[in-house]
Structures are given as structure tokens and as C-alpha cells.
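Residue numbers (this note's numbering), protein chains in the order written: chain A, 1 to 89; chain B, 90 to 442.
Certain hints may be false.
Only pairs whose alpha carbons sit at most 25 angstroms apart, straight line, appear in this in silico DSS-like list of lysine-lysine [as the list claims (entries may be wrong)]:
1) Lys320/B <-> Lys354/B
2) Lys335/B <-> Lys359/B
3) Lys320/B <-> Lys80/A
4) Lys80/A <-> Lys335/B
5) Lys320/B <-> Lys359/B
6) Lys354/B <-> Lys335/B
Chain B is nowhere near these chain A residues, computed Cβ spacing over 12 angstroms in every case [to be verified]:
7) Glu27
8) Asp39
9) Ser66
10) Val81
Hints listed in this document are in silico derivations from the structure and should not be mistaken for laboratory results. Every residue gets a Cβ at the ideal spot worked out from N, C-alpha and C, and that includes glycine.
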Amino acid sequence: MSEKSKTQVSVSDALAMLAECFNLPVEDMHADLQRDAIDDWDSMGALMLMAELDERFGIELTAEVSREMTRIGDVLAFLKVHGVLSENA
Amino acid sequence: MSQSNIGGFRIAGISTCLPPMVVDNLDPALGFPPEDVRKVVAMAGVRERRVVDPSITSADLCHRAATRLMERLGWAPESVSALIFVTQTPDHFLPSTSCLLQQRLGLPDTCAAFDVGLGCSGYPYGLYIAAAMLRAGGHQRVLMLHGETPSRFVSPEDQATVLLFSDAGSATALELDDTPGAGGQFVLHTDGSGANGLILRGGAFRDREPANPRHHFLEMDGAAIFNFTIKRVPPLIAETLAFAGKTVAEVDAFVFHQSNRFIMKHLMKKSGLPDDRVPMSIEDSGNCGGPSVAVAMTRRLTPPAPGQRLHWMLLGYGVGLSWGSAMIQIDDRAVLLHDDGEGLSLNRGANDE
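Looking at chain A on its own, in the form it has when it is part of the complex (with noise of 0.2 angstroms):
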């Protein structure tokens, strides 16, 4: 893991960071959201994500495991498996 990969963010970043991503109102952002229901969480905006990832923490999403994600939990459940979420956040 990389000295970037190192930095950590709380929940509430996390949500901010995805709201700006996929261009929602960060109110709207939670864990549950559905994929689904996020217009700008297409094939664009999964490119987003995975910039966003790589550029903030040096993370690498892979194509596979993006597609794989279905509600806004697993992009975190991702980032805290990657050590980049903070537990008492």
C-alpha cells in the first residue's frame, strides 16, 4: 500500500466525495442508495469514481469490481477494506 493510500477519510467525506462524483445534493447521498437510482452513476461515471479513487488514495478500482457494485455501501465497504475509511468516523 502506497504512502497516498495511507490517507484516511470519514463517512461523511466519503458521502461528500460521492455526491460530487455522481453530481447528487450530498443530502441525498447514504449508504443505501441504489445504483439504480443515480443517473450519473453510468459507464462515465464509473470512470469518475475510479479517477477520483486513484487520484485521492492511489486505489485502484478495477473494471470488474466496479461493475460488481449496486448501492453506494459498497464503494464504502470498498474504501474501509482498503483502509482509507476511518472506523470511528
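Knowing the structure of chain A, use the given hints to seat chain B on it.
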């Protein structure tokens, strides 16, 4: 490890030719949902594309580019002893299109000619082969042509590819040069495990007549290709700089394969490259495959001032998966030419010239 430092050659000139037909991606007649088109255009950065009439091939575009370049350089056809044609859109499966181009360009029968089947990474690979041939001896002048017509193999119903890809031909002239320090550095890579990320499955000998009609057209896994690019290209830039013994500040231009503006911007940010040293031609030339490297140079860069020598890093990456770089020098005698294909005969085949 494929890292090569090849001395004793110079790039005499680079010439490009685009087809005359311009397609505006925002034209409602294309039939895609306007909001989808707006998003694709905003992200990929392709406002208009240049596409061939079905009677025009990559070889035709390259022929035009090479003819103009040889005229400008004053190169007699008999002075060229090798022709390399890099393409994934040949005129025929066989013979090699390079053989047809040898005849069309009036090159002598003492000229070596062969095709190289690479796409997005083709420009640095082609230069590497040409430089290695010069260095190996027996050659004084080599032509490296690189042309693609991706518009011919994208599905008209696939907006992710049809709105992105464009067509282009290029010709690059290389010759021996005994000036101290002349030459360039090359770094080449391959990872065939990602081949399915960008593939045209049908029509060749693995599956001559595919049952699935989709297999007649290019299939692109955009996420997989994006992931490959951001994983592989920044290390390629770093590796090339280290191998050439240069810093970012010592390179006058970083010329990317014009894949997608969003991807290029991300790569630039990740590698710390300043905007003013990364030419972009994708807005009005689209992603024309590997020749986009040449198009970005001829359309967006200016030749050196008298007495100046510029250092450009050329970066190709994509289908294969294949990626590579060339650190080249452009001296004040080098010629950069661009042609918008005006007057290019729409019904001229290989045997009509």
C-alpha cells in the same frame, strides 16, 4: 526489459492527412439521445470527427501524407530503402499493404516493406523499428507510415465508440545522422491478458463469419481500458524519463495518443505534466488511434527555431494491451506537415493511382 537507446538517426519530417469529411458529434441527425451525446462530448472531448468515405483506406491517407512529405524533403523515391506500415486497418488480409504502398510511392524493388499490426501504441513502436533498422546498417532513409480508419469498424449503434473514433494517416521520415547526440530512447511494453478490453473478434481467422453480429465491430470495455491506462502510463512516463536521464522540465512536449480528454487530463495530473507542454488535438481530430500522436505533433506543435533542438516524449497505449514511448529529438531542419485531405479523391482505390 525493452529499453533501447538508439543513436545515429534523425527525424527528417512528419506529415499527416485527415479525411475531408467532418462529422459534428452534436448533430441531432446522428440519432443518439442529446443528453448522452452532451455527456460523452464533455468527457471525451471530441467535438467533431474526421471520417473516411468507404472508398478511402488508411493506405490512401498515408500515401497522401508520404507523397507530400517526400516532395517537401526532396527525397527521391529511389533513396528510400525501407517502408514500414503500421496499421490495424489494412487494405487486405494479404498481401501486406506496405507492398502496395511501395508500388504506389514509386519506391525501388530494393526497398524492404512490411506491415506491423499494432494500434494505439503503434507510433513509438514504428519509430523504434525504423530507428533500429537505420542503426543496424544498410539503410540511409526509412519511411514509417501509420494510419488507421477506426470509423470503419465501430458499430453505428455504439455511441461509446462511434462518437470517439476518427480516422487519420501519417508518414514519418527518418534518416541516418552522425551528429553527436543524435538519436532517441524507446521503452516498450505488452500485457496480452487485457486483450478483451479492446477487441474486434470476428472477421479474421479465429472466427471468419461470427454468428454474433456484434463481433463484426469493435468492442470496448471502457472501464478496463481506463484502469489499464491510469495504471500503466504514469509509470511509463517515469521509466522513460529515468532511462533518458531527463526531468519533466527538460522535455519540451509530452505527446499522448489522443485517447480521451478526461483520461489524458488525469494522466497529466498524476504525472505532474504542465498543460502547456501537452498538445491536445482530440477536440477536432477525435481519437484516430496510434496516428493521433503524429496528428497532435503536426497540428499543435511548432518546429524548433533556428539553432534549436527540441525533445519530445511520444506516448502510445491501448489495444493489445500494448504501450510504449519514444523520446525523440526534433532539430531545426525537421519538417511538420498537415493536410486536411482536400481534393482527396473519394473513389480512388489502390490501383487507380
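Right, here's what the structure says about each hint:
For the suggested pair Lys320/B and Lys354/B, the alpha carbons sit about 14 angstroms apart, so the restraint of at most 25 angstroms is met. Proximity of Lys335/B to Lys359/B is assessed by CA-CA distance (about 18 angstroms); at most 25 angstroms being required, the pair is judged to hold. The hinted pair formed by Lys320/B and Lys80/A meets the criterion: a straight-line CA distance of about 21 angstroms does not exceed 25 angstroms. Taking the CA atoms of Lys80/A and Lys335/B, the gap is near 39 angstroms; set against the 25 angstroms cutoff, the hint is violated.
In summary, the hint linking Lys320/B to Lys359/B is supported, as the alpha carbons are separated by about 10 angstroms, within the 25 angstroms threshold. Straight-line distance between C-alpha atoms of Lys354/B and Lys335/B comes to about 22 angstroms, which keeps the hinted pair within the 25 angstroms bound. With a cut of 12 angstroms on Cβ distances, Glu27/A stays outside the contact zone with chain B, its closest approach being about 24 angstroms. At roughly 9 angstroms, the least C-beta separation between Asp39/A and chain B is not larger than 12 angstroms, which violates its mark as non-interface.
The non-interface label for Ser66/A is inconsistent with chain B: the shortest C-beta to C-beta separation is roughly 6 angstroms, within 12 angstroms. Against chain B, the non-interface label of Val81/A holds: every CB pair exceeds 12 angstroms, the least being about 17 angstroms.
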